[in-house]
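Protein chains: 2
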Amino acid sequence: MPDYQAPLRDLRFVMDEMLDYPGHYARLPGLEQASPDIVAAILEEGARFCREELLPLNQVGDRQGCRLENGEVKAPEGFRDAYQRYVEGGWPGLAGDPEYGGQGLPQSLAMVLSEMVCATNLAWGMYPGLSHGAADALRAHGTEEQKTTYLAPLVEGIWTGTMCLTEPHCGTDLGLIKTRAQANADGSYVISGTKIFISAGDHDLADNIVHLVLARLPDAPQGSKGISLFIVPKYLPNAEGQPGERNSVACGSLEHKMGIHGNATCVMNFDQATGFLVGQPNKGLSCMFTMMNAARIGVGIQGLGVAEMSFQNALSYARDRLQMRALSGPKAADKPADPIIVHPDVRRMLLTQKAFAEGGRMLVLYAAQLVDVTEHSDDAAEREHAETLLGLLTPIVKAFLTEVGFEAANEGVQIFGGHGFIQEWGMEQLVRDARITRLYEGTTGIQALDLLGRKVLMSQGESLKLFTREIHRFCKSAADDESLKGLVEPLSRLNAEWGELTLDVGMRAMQDREEVGAASVDYLMYSGYVTLAYLFARSAQVAQQALASEPSDAAFYRARLDTAHFYFQRLLPRTRAHAQMIKAGAESLMAMDADDFGLGFEI
Amino acid sequence: MPDYQAPLRDLRFVMDEMLDYPGHYARLPGLEQASPDIVAAILEEGARFCREELLPLNQVGDRQGCRLENGEVKAPEGFRDAYQRYVEGGWPGLAGDPEYGGQGLPQSLAMVLSEMVCATNLAWGMYPGLSHGAADALRAHGTEEQKTTYLAPLVEGIWTGTMCLTEPHCGTDLGLIKTRAQANADGSYVISGTKIFISAGDHDLADNIVHLVLARLPDAPQGSKGISLFIVPKYLPNAEGQPGERNSVACGSLEHKMGIHGNATCVMNFDQATGFLVGQPNKGLSCMFTMMNAARIGVGIQGLGVAEMSFQNALSYARDRLQMRALSGPKAADKPADPIIVHPDVRRMLLTQKAFAEGGRMLVLYAAQLVDVTEHSDDAAEREHAETLLGLLTPIVKAFLTEVGFEAANEGVQIFGGHGFIQEWGMEQLVRDARITRLYEGTTGIQALDLLGRKVLMSQGESLKLFTREIHRFCKSAADDESLKGLVEPLSRLNAEWGELTLDVGMRAMQDREEVGAASVDYLMYSGYVTLAYLFARSAQVAQQALASEPSDAAFYRARLDTAHFYFQRLLPRTRAHAQMIKAGAESLMAMDADDFGLGFEI
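Chain order of the listed sequences is A and B.
Under full-length UniProt numbering, read the first sequence as residues 1 to 603, first letter to last.
Under full-length UniProt numbering, read the second sequence as residues 1 to 603, first letter to last.
Treat the hints with caution; some may be incorrect.
Copies of the same chain look alike in the list, so a pair counts if it works inside one copy or between any two.
The list that follows gives simulated cross-link-like pairs (lysine-lysine, DSS-like), each with its CA atoms no further than 27 Å apart [stated by the list, open to error]:
#, residue 1, residue 2
1, 331, 225
2, 465, 583
3, 283, 335
4, 178, 335
5, 178, 331
6, 331, 583
7, 178, 283
8, 335, 225
Simulated from the structure, these hints should not be mistaken for laboratory data.
With the hints as constraints, model all of the structure from the sequences given.
This is how it looks when you write it as structure tokens:
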């Protein structure tokens, strides 16, 4: 069975030594309570919970899946108990609003814990995970009464939430939604329609489920401007706020999926269910975006968690498995063969996983600080700066980290050889579970359009400049450090090229809008590699400085430096391909008539 | 349910118009019977068989898997019947030795049919697929008596074969094998040991199973020089050559796998089973390599089949699925949204699949001609040339086509969005099934070492020069064709660079053998992209020439040209990354101590 240890040492390095989390928490109003001691205690306890409670259920959940019995969904064995202990431990409300029962600790801290949850049990993690989005939407757009009734139990975790967006004929294009809402005399609404792909849509973990549902009012404008957001609870709360009458919303069937079998992906039927409008009529999509931004970062963290999990187990296998001798001569002459970690190509795969895990962690923690600032800074200019930067980085966190997380999971299978394909070892489950992360909450293609089209080009490149200027300042400040030359010089070149490529696409897009879509995914991947290069260069600077004082754990800092150099030597060159493909333009994509794609096989 | 049509038009283009298969068959002694009419009839009938018999069983096999009941393995519903019809149709012996019941048609033709089988039902295809390797080994190394007894029923397909190599502690490193063989007085042997990952190790499709087993004789030299090859039939043939007494070899358990559920992957226990030596004692590994080379090309074809299958179904979905408007304005104004094939990024994914399928098909058909020449040419120099070139291309066919086949299958899932993750649509099965192809018959890493270490560097680059000279001649001959400039010039540059990179690695490897392993996988991928670039440039030349005569199906040729240009614009730039990573050398891979990889999480 796969094992897992939370990367506490690496987290300490990134949080304390690189990104000054202690100072960050100390200066933000409301986050002062997150002292180093408190943070350390929470991370250790979270690590224990994930390893002891969630990890043992990961393969069980994959094998058993969920069952639909008499119209109710049962999660796999042990899922409910683990969730109850999660609630008893106060984990759901860690970063929740204290006014509604939360502990008011930093969002960034919850995100660190989320990495551990995603690493040990992605499917389980989605039950509490979806609640955060629902709570965010209610906090931002709900009435006081709605907050008291629904937000508090969501924050405590005694109820969970869902996001009911997708319908059979529309996923990306929510303007096509057909689910209907009709006002009742008492101010409530009647909701009718079918939603699909509803994660945690029904289950037996919590006492009630709060569905947030997109639907269309009578005479609403067509398309995305005519969509409203509704609360539809599974059980209608009674006068005491307890789950009362059963609402007419039910799971029609469970999807059979490639992975995340432990999570219930439901077809949800709303059959004249009772709902309550959230926010303004016809403004539902923008309310939903409140949920979606946080959810997108959450999915990026799933990619990170899977990468770390796969890395840890592949490393352990590569040290144990004896196969062939090193090309340069035996390294374990006393054994029948050398452990496969001696082989350079196995090291290449392990270091690829390690670099994506460490790089992803730095990116998540960098973005997480921005989240804290947007929520807690009392300086409006600082908040705006953080919001813009976070807007730029969100599609990168979501799409880049899930793309490379999937790659890391596949490297894990590859390191195990044939054993990687066998379920028992747990490595192939990581690939199957990770596969969804490139799809849900907006595919990689959608994230790429968001990044290049909405965030970069619509701001005339201003949002990007916020970031490239920061990178430029770093490069200038580190330019004289001989030991960092191999990193800072290429980073500086790429940073300049990033702007040039943006300008190039922007100019072409003025002639032909399709140029945006033609460049977008390569642009996103390019951006991700440069972003990680920046963070690896910073981490190398920190590691160099730490080494200067000859610390007792010098080996840790040297390994961090080696990983940074590996990243620049063996992963960053991928930007050469992406840059060339960005420049290639739309022509070769648009030339072929849609009717002609199949002429090789169509009769 | 996924659909499939054999790419007969594309096959005709590659075989007849590009690679002159009619002339190739006409001039090779023994293959004259493969006239254009015969070939066309066989391809059409094969296409029908795959579509009507195998395709409907593909999802059934995935869902049901195999069962072990009372020590016997049952394949999924319908698998046996389809196999019986396959045998009745004479398919197993299509390219088999006429002396042993085969039809003596070209191996290349069998390989074309294999693409269709792999596309429609990879798991089923492995039952007959493994027999070919066993038959090859017996034909090359068996005694007359062994051939009469075992080869003939294998060729006819009434028995099937296996390759029993791997043991729990050794896959790649067969020198570690522990299975023992001891001579009996009558010339037979007693075989004892456990083999794992035995594809089609037991099943109910055929009357008998011929296991080819690697084992160690008493006092055999240590390591790979002490391994011998044995026939161990499931049922010992009686005097009439019919299955007689049950041998003591049995399936101990079935592996639970990520994919290819329809194929029985068995732990095989040999408990003092009766076996018969094939070839010389202690020369078993080289006998086994006879099987493995053909099997490796076979696995490359699996990658191709999956790419084509995924492409066809993603294309169909992309034409039907309505979602969002084109960025440049509505294309299907009468519908609620445009079909997603209007979006450049969806086209990029479709064209990636299409290019890998068409490129892979050209590579397989190019290699298949070399197979025919090695077997049938009466010119020793021509045979040697073909053997060397085939040796060079075999690891590329195996590893490159499975790597890009897996990528194509993943693009298929991505085009389907969330629906791609749902089993019913069949797209995620292709990813799971394809995942094994990067592992078995030697992982991508092993193929890469074979290519760079054994094939290229051990021949002092001579084998590579055979191929780069051919590419060079093509580029020279096409240099004046204005319409091909965008292809021939970059191809020519890459072809020169290929030699330079080889020299560069070769020089470094003289100082440090680890440089070979450090460069190998990037070198293999680089080689694959250049090889496909050569074939796409040739295909473009042929398509241009065909268009000059204004054919009625000009659209087919234009689409072929467009795909070639897409390949050069949007896939070939990946060589820029691989070239840089090849040059990066071993240092960043070897710097870290094996103990230090886990310092971020190990306590």
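Structure-based check of each hint:
When the C-alpha separation of residue 331 and residue 225 is checked against a cutoff of 27 Å, the pair qualifies only between copies, where the shortest distance is 21 Å, while the shortest distance within a copy is 66 Å. For a Cα distance limit of 27 Å, the shortest separation of residue 465 from residue 583 inside one copy, 20 Å, qualifies, whereas the shortest one across copies, 32 Å, does not. Taking the closest pair of Cα atoms, residue 283 and residue 335 come within 27 Å of each other only across two copies (24 Å); inside a single copy the shortest separation is 68 Å, beyond that limit. Taking the closest pair of Cα atoms, residue 178 and residue 335 come within 27 Å of each other only across two copies (15 Å); inside a single copy the shortest separation is 66 Å, beyond that limit.
Taking CA atoms no more than 27 Å apart as the test, residue 178 paired with residue 331 passes between copies only; the shortest distance there is 22 Å, against 65 Å inside one copy. For the identical chains of this complex, residue 331 and residue 583 are inter-copy neighbours only, at 25 Å across copies versus 46 Å inside a copy, given an alpha-carbon limit of 27 Å. In the homo-oligomer, the alpha carbons of residue 178 and residue 283 lie at most 27 Å apart inside one protomer (16 Å), although the nearest pairing across protomers, at 70 Å, exceeds that limit. For the homomeric pair residue 335 and residue 225, the shortest alpha-carbon distance between copies (18 Å) is at most 27 Å, but the shortest distance inside one copy (69 Å) is not.
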